[in-house]
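Throw the hints in and build the complete structure from the sequences for me.
Those sequence lines, one after another, are chains D, Z and B.
So the number in the numbering used here is just where the residue sits in the first sequence, counting from 1, plus 1.
So the number in the numbering used here is just where the residue sits in the second sequence, counting from 1, plus 1.
So the number in the numbering used here is just where the residue sits in the third sequence, counting from 1, plus 1.
Please note that a few of the clues may not be correct.
A pair holds if it fits inside one copy or across any two, identical chains being indistinguishable in the list.
[Unchecked claim] Below, computed lysine-lysine pairings styled on DSBU-like, alpha-carbon distance capped at 35 Å:
| no. | residue 1 | residue 2 |
| --- | --- | --- |
| 1 | LYS121 | LYS55 |
| 2 | LYS241 | LYS321 |
| 3 | LYS138 | LYS241 |
| 4 | LYS19 | LYS55 |
| 5 | LYS299 | LYS321 |
| 6 | LYS138 | LYS55 |
| 7 | LYS329 | LYS55 |
| 8 | LYS55 | LYS241 |
| 9 | LYS115 | LYS138 |
| 10 | LYS138 | LYS299 |
| 11 | LYS299 | LYS241 |
| 12 | LYS329 | LYS241 |
| 13 | LYS121 | LYS329 |
| 14 | LYS121 | LYS299 |
| 15 | LYS115 | LYS329 |
Rather than coming from a laboratory, the hints here were simulated on the basis of the structure.
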Amino acid sequence: MTKTTPGNFFEDFRLGQKIAHATPRTVTAGDVALYNALFGSRFAVQSSEAFAQKIGYPRSPVDDLLVFHIVFGKTVPDISLNAVANLGYADCRFLSTVYPGDTLTATSQVSGLKENSNRKTGIVYLRSIGFNQDGDKVLEYVRWVMVRKRDESAAAPPEHVPTLPAAVGADTLGGACPTISGRHYDNVLAGSPHRWSDYAVGEQIDHMDGMTVEEAEHQMATRLYQNTARVHFNLFAQSKDRFGRRLIYGGHVISLARALSFNGLANAFHIAAINGGRHVAPLFAGCTVFAWSQVLAKAETPARPDVGALRLRTVATKDKPCADFPLKDGEPDDPAVILDLDYWVLMPR
Amino acid sequence: MTKTTPGNFFEDFRLGQKIAHATPRTVTAGDVALYNALFGSRFAVQSSEAFAQKIGYPRSPVDDLLVFHIVFGKTVPDISLNAVANLGYADCRFLSTVYPGDTLTATSQVSGLKENSNRKTGIVYLRSIGFNQDGDKVLEYVRWVMVRKRDESAAAPPEHVPTLPAAVGADTLGGACPTISGRHYDNVLAGSPHRWSDYAVGEQIDHMDGMTVEEAEHQMATRLYQNTARVHFNLFAQSKDRFGRRLIYGGHVISLARALSFNGLANAFHIAAINGGRHVAPLFAGCTVFAWSQVLAKAETPARPDVGALRLRTVATKDKPCADFPLKDGEPDDPAVILDLDYWVLMPR
Amino acid sequence: MTKTTPGNFFEDFRLGQKIAHATPRTVTAGDVALYNALFGSRFAVQSSEAFAQKIGYPRSPVDDLLVFHIVFGKTVPDISLNAVANLGYADCRFLSTVYPGDTLTATSQVSGLKENSNRKTGIVYLRSIGFNQDGDKVLEYVRWVMVRKRDESAAAPPEHVPTLPAAVGADTLGGACPTISGRHYDNVLAGSPHRWSDYAVGEQIDHMDGMTVEEAEHQMATRLYQNTARVHFNLFAQSKDRFGRRLIYGGHVISLARALSFNGLANAFHIAAINGGRHVAPLFAGCTVFAWSQVLAKAETPARPDVGALRLRTVATKDKPCADFPLKDGEPDDPAVILDLDYWVLMPR
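Here is the structure:
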């Protein structure tokens, strides 16, 4: 019996199938330092034990996106080793705070299957859940991904496309954020005087700064998450592919955009949910990433007078500053756009 | 009201102005590991808990330059986002030992202002102080930096250039170094038999080794310090600039020179003060850094029979070994020189 | 007296000479995170505190190869600064588990000397031992290395070539592995259903995946180990050398091959010994590393009913997938081979 896993193909998935993913992972202060070195994040709650404790955290939490990437990474060997493209995310909710020392595991369940008309590929929908060592859910999300078939003539499973919410309900946000003391939240140390009430729906923010990505950086990031997708690491194989080079993990762009968004959203200390996201175009090493955001909605969370929620759309581009707020499906349509992300953040009131 | 900070321009500074900088930062063992991976530092006190404890430290301290870079990094968003050049340092003193787990914050006060005759830029002098979570000063230094004006026609502030000491007084050194036991300091483990008394004023030391710098390395280092200066990260913008590429943070050169100086100065375990420093020329990725040092002075610190101080001049070059001890303003003048640093180190007696 | 160390040359070594190496090194969670980011290791015992504790470790141990590289690194300034080539390893045994927080030191003894016929170089055989802060041996190995002579006319020492075992005896394995509970070892979390009894002598496994190496990555790795060999870091000097570029530390290839071997050997959670290894050809940045393994032998360790040993031959290549199991001294001889490693791993029974 062969010992090597080639990964699953489209015809290997069954509707309702449950998958327990391998490689439990203890998150440490070392992982946090690497994440900081790779993205230059500056949100005070994640940067400072003293700041976090002053507002009510027992200690500094792990960055939400680092948690996301680690849980996502676990699913790759079972789900997307033979993926053509990661198509989208939905209904992503952060449910418990993760601290250094916590050990993360992940499971997924197949919630939809749809063969493509070319019969070479199909779309797999999965609901994935990340757990900590106590069995608490820390993260839950749906993603759909286009996966190659092993055998084009293999029979297609019954088609089922799940119904997904357009956005996470604001009333469900905040499970991964303890009650904080806005009075002890120091705007000066946090880097901005602008709290939740200062933002208006429709407001657009150019995050101004740009960050160039190197091959060593995205490879180190993606390996840190134990994400094994071949397209990110194997120049030998990729040089024969249509792009001729390594593709950067889409999550790398999300983390860069989040770090850049500090300039304008410094008090958006917690990502509470991701409503949806599209990797509109691939990113390659040597390109410089820029970003801008728009406030899509504001919500008071009734049970939480300490924080307010902002629904944001953050758009990232490559090799193009965002002073004119470019969009992919806008007028005009801008080919520099690489990411279009819709998510909820929490801010102190 | 715009939420994005474009950074301060020359006309925004006022003499005596106090600035509390954002983003408190807890230093961890993860940061220390990254610093080691980036520079290959080998000083035994910072490398080994067991060695540090044996000579009298409660545990291994954080490298002095990592402390400097983190404090410096905090000042960048307020001070030097619109800087043309970092011109110099003076009166830099390390005042308390920093250990992993400590949280650093920083403040600055404007101590001098001088508009340049072209009216496009001006020089800002600042005294910056780093604090730990208990409010102890860990570091204090003056730097001056050339900052662009937003508006050339803006009125110049009254000119004031502060008086700065040529060197930190040897009698004030040692605040960040506990009393050590020279008897328990193991020369073999430390890597050199040469202690303070073995060095002579005027002695020149070629550190021999060279270290090539990659873009990913200096970007990761500089982000680790949360230093946001655009010239280090944004190839898109820099490619339109006079150099056509990213500039490496000057502090990266200081850390490389310090790591290289181990070969010849292995027992110089603590930088107690920086008297002055000039970044004589820029460094770019792909270049190889070399360094040499000269002993400028020796001092016994009366209250400290455990250690002696050496005043060193360390010169770094790019793409040129230092066997002939090159200088920038020497005879001949050497264009390979990139750094000229004057500082005090402590060595066991 | 010169303070700089140029390193030892062949004529500086004496048979039986004992060398205590400098720079004790405390291994931290930060080092572990960097190692993970550089190699993407996925073995569950090293990745998860919870997994390690469940099977009987007090906590997650440090990766065996990270221990090897750190001990090896300490020997470089005394042994191989003037080396032409690292020729081989033998009799390498992992003797005690290393945990984050442990401090490693190293000593070596010269066990053989043989001048080459060209009189320009000679081969030095050394037995090196790594210790923890309690004085326990954590690692012991022999390596032989070709070292330049300072002076070709220097007298050659008496020739002595030590007798080395072809392989470490299986009955001596396991000192660095506590008794584990196979019943609590979760195959699903570990990533493979295949335990010791499922492997057959002669079985060949293509590890399939490839990993491209960047200059920044191997430099960071090698500095993390405080390995100062000049060929890895100094492009200025190397550009004048026969290869024209930096050579990647051979140990980097071993770690890449080990990480790739997870796909097929996921339950080989501990390297217990290295019988021998040859760096058949150099690796340069930009190349993609692949690997395959063959089971050379199986051994039950009588005193250890919890684990079984597999003797593996792992071969790594550059820019060539290993589906046809290439060998250097095979038929045909494959120039893509860069590493041929013979070692013992432990697996749960």
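Cross-check of the supplied hints:
For a Cα distance limit of 35 Å, the shortest separation of LYS121 from LYS55 qualifies neither inside one copy, at 55 Å, nor across copies, at 43 Å. Both within a single protomer and between protomers do LYS241 and LYS321 lie at most 35 Å apart by alpha-carbon distance, with minima of 28 Å and 13 Å respectively. When the C-alpha separation of LYS138 and LYS241 is checked against a cutoff of 35 Å, the pair qualifies neither within a copy, at 41 Å, nor between copies, at 48 Å. In this homomeric assembly, LYS19 and LYS55 come within 35 Å of each other (Cα to Cα) only across copies, at 24 Å, whereas the closest approach inside a single copy is 41 Å.
For the identical chains of this complex, LYS299 and LYS321 are intra-copy neighbours only, at 29 Å inside a copy versus 54 Å across copies, given an alpha-carbon limit of 35 Å. Taking the shortest Cα distances, LYS138 and LYS55 sit within 35 Å of each other both inside one copy (26 Å) and across copies (20 Å). With identical chains, the CA atoms of LYS329 and LYS55 are never at most 35 Å apart, being 41 Å at best within one copy and 49 Å at best between copies. Taking identical chains as interchangeable, the C-alpha atoms of LYS55 and LYS241 are never at most 35 Å apart, the minima being 53 Å within one chain and 44 Å between chains.
With identical chains, the CA atoms of LYS115 and LYS138 are at most 35 Å apart within one copy only, with a shortest distance of 28 Å there and 58 Å across copies. In this homomeric assembly, LYS138 and LYS299 come within 35 Å of each other (Cα to Cα) only inside a single copy, at 26 Å, whereas the closest approach across copies is 41 Å. For the homomeric pair LYS299 and LYS241, neither the shortest alpha-carbon distance inside one copy (47 Å) nor that between copies (39 Å) is at most 35 Å. Taking the shortest Cα distances, LYS329 and LYS241 sit within 35 Å of each other both inside one copy (28 Å) and across copies (26 Å).
With identical chains, the CA atoms of LYS121 and LYS329 are at most 35 Å apart within one copy only, with a shortest distance of 28 Å there and 38 Å across copies. Taking CA atoms no more than 35 Å apart as the test, LYS121 paired with LYS299 passes in neither setting, with 43 Å inside one copy and 42 Å between copies. Taking the shortest Cα distances, LYS115 and LYS329 sit within 35 Å of each other inside one copy (26 Å), while across copies they are farther apart (47 Å).
The structure fails to meet hints 1, 3, 7, 8, 11 and 14 from the earlier list, while all remaining hints are met.
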